[in-house]
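Protein sequence lines, in the order shown, are assigned to chains A and B.
Numbering-wise, our numbering comes out as the position in the first sequence, counting from 1, plus 6.
Numbering-wise, our numbering comes out as the position in the second sequence, counting from 1, plus 6.
Worth flagging that the hints you see were computed from the coordinates, not collected in a lab.
All the pointers check out, no bait thrown in.
All copies of an identical chain are treated as equivalent in the list; a pair is satisfied when it fits inside any one copy or across any two copies.
Straight-line Cα separation of at most 25 angstroms, SDA-like style, residue types lysine to any residue; simulated pairs:
1) Lys-231 <-> Ile-221
2) Lys-34 <-> Glu-89
3) Lys-56 <-> Ser-174
4) Lys-56 <-> Ser-160
5) Lys-207 <-> Ser-219
6) Lys-34 <-> Ser-174
7) Lys-132 <-> Gln-43
8) Lys-88 <-> Ala-112
9) Lys-132 <-> Ala-112
10) Lys-88 <-> Leu-42
11) Lys-132 <-> Pro-39
12) Lys-56 <-> Ser-266
13) Lys-88 <-> Gly-40
14) Lys-88 <-> Pro-39
15) Lys-88 <-> Asp-38
16) Lys-25 <-> Leu-113
17) Lys-56 <-> Gly-161
18) Lys-56 <-> Leu-158
19) Lys-56 <-> Leu-113
20) Lys-76 <-> Glu-89
Remember, it's a predicted structure, so these values are computed and weren't measured experimentally.
Protein chains: 2
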Amino acid sequence: MTHSSGPSPLSGDKRGAPKLTIVKVGGKVVEDPGYLQQLLTDFSCIEGNKILVHGGGRSATAMAEKLGVKTEMIGGRRITNKEMLDVVLMVYGGLINKNIVAQCQALGMNAIGLTGADLNIIKAVKRPVRDIDYGYAGDVVSVQDEQLAILLESGAVPVIAPLTHDGSGLMLNTNADTMAAETAKALSGKYETTLVYCFEKPGVLLNPEDDSSVIDTLAYSDFKKYQEDGTINEGMIPKLDNGFDALNSGAKEIIITSASSLGKLNVSGTRLSL
Amino acid sequence: MTHSSGPSPLSGDKRGAPKLTIVKVGGKVVEDPGYLQQLLTDFSCIEGNKILVHGGGRSATAMAEKLGVKTEMIGGRRITNKEMLDVVLMVYGGLINKNIVAQCQALGMNAIGLTGADLNIIKAVKRPVRDIDYGYAGDVVSVQDEQLAILLESGAVPVIAPLTHDGSGLMLNTNADTMAAETAKALSGKYETTLVYCFEKPGVLLNPEDDSSVIDTLAYSDFKKYQEDGTINEGMIPKLDNGFDALNSGAKEIIITSASSLGKLNVSGTRLSL
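Bound-form chain A, shown alone (with noise of 0.2 angstroms):
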């Protein structure tokens, strides 16, 4: 992984560096207009720099659907053929990105969509075909965080939609939440950054079965021993690891919470330790 810039002064000391909110939401709550203007409202209270990272997989399943294109999941990743690229380029880039900015405008945000293409600010390489083939799907190689930087600070709020571009014209389906993960570590030079990932369940369950079991402050140690014994298991991993990869980058704290959650961020979901 290469970031555009080498090390800020702020490296290694980030007193009085300013903060910055990363959140990340996902697909049902951009699918509800109503859960997702409360999102968005609550996102709007936020103090200080903040990205807005969305999904939207569900939607572009539907609107697959609707295509008579067909869907293909392996590992809870989507195999993103020709007919599959244009459907989320509409989808996530078009569709669910436009109307959040323009519900942000509303909400006193200058909100600005960006996929990874825009300003170049997050190329990928498309997945090398080892046993499976994803087809245009990227992995992050770098993200710019100068021109983050720039956008942050003359006020703008990006809302970044899960797509990158390869440099050579291609434009290339990404995880969301990778991509919010990479965007963390690259701006964790700059600013002392906090990422929310906000989803369905109030947190990290001990129980999936019960809201109310869930972990507080969860360590690297305990989440492999969790892992092992099944109690953390499916999307949640890749989300950890994610996370995980994040707050031993520099981010200065890691949230797993439910999307109605973001309004009170300092009494509920599930915060990483190392």
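Take the given structure of chain A and dock chain B to it, following the hints.
Showing chain B alone in chain A's frame:
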């Protein structure tokens, strides 16, 4: 029409003002990959500040048909109900815009895809219903020239999709020719602005059957005469109305030409004069 800032110190005297070229490309050009690639290559050779405004109506109509959404046009204007709004958000804001941005990046331009909602650059009002209800169609009310100038000065190349917002959370379908003209008008206070409308024909023709009958310089009085006697008709009329509007509001030069002439701007096409 209001703009975001007062008169620029350069207003009325643009000697020494930086040059800006705004290129608008329409339907057929953005649909044929080979044609588009050539156009973007020519566009990349334009020196100084530049902005690309794209359409995409034919692609939107084709996608609407695939989705079972009926296309209704009145006087060349699309009736945009809620389903059609989703289609144009997807096609203009996602599919076309992001592919163009990625290709521009590959050609060495630091492109940034924008709708009117992004950074609030172009605000519109939902067209009032008089005889016809155009639905979610926007009439431009303001262009943030300062914000666009900041992007241009940073070396970015805005790629603008024909979509605006109303400031209250609603995206609106907006005519690309008009957006290009309004952008030219707003930026003419700061830049020596050339507006180029690229379409399928080599310029405004005296005889639509004869591509060699290009009018080299079209004065407003002649336009009105040709409009009256039917020499100029249909879709060319609103395009020329937009062009003369921009010329009248301070743009330096308006050229109507074929996309394939963009590489040799000094030699062909129709130039408007007042």
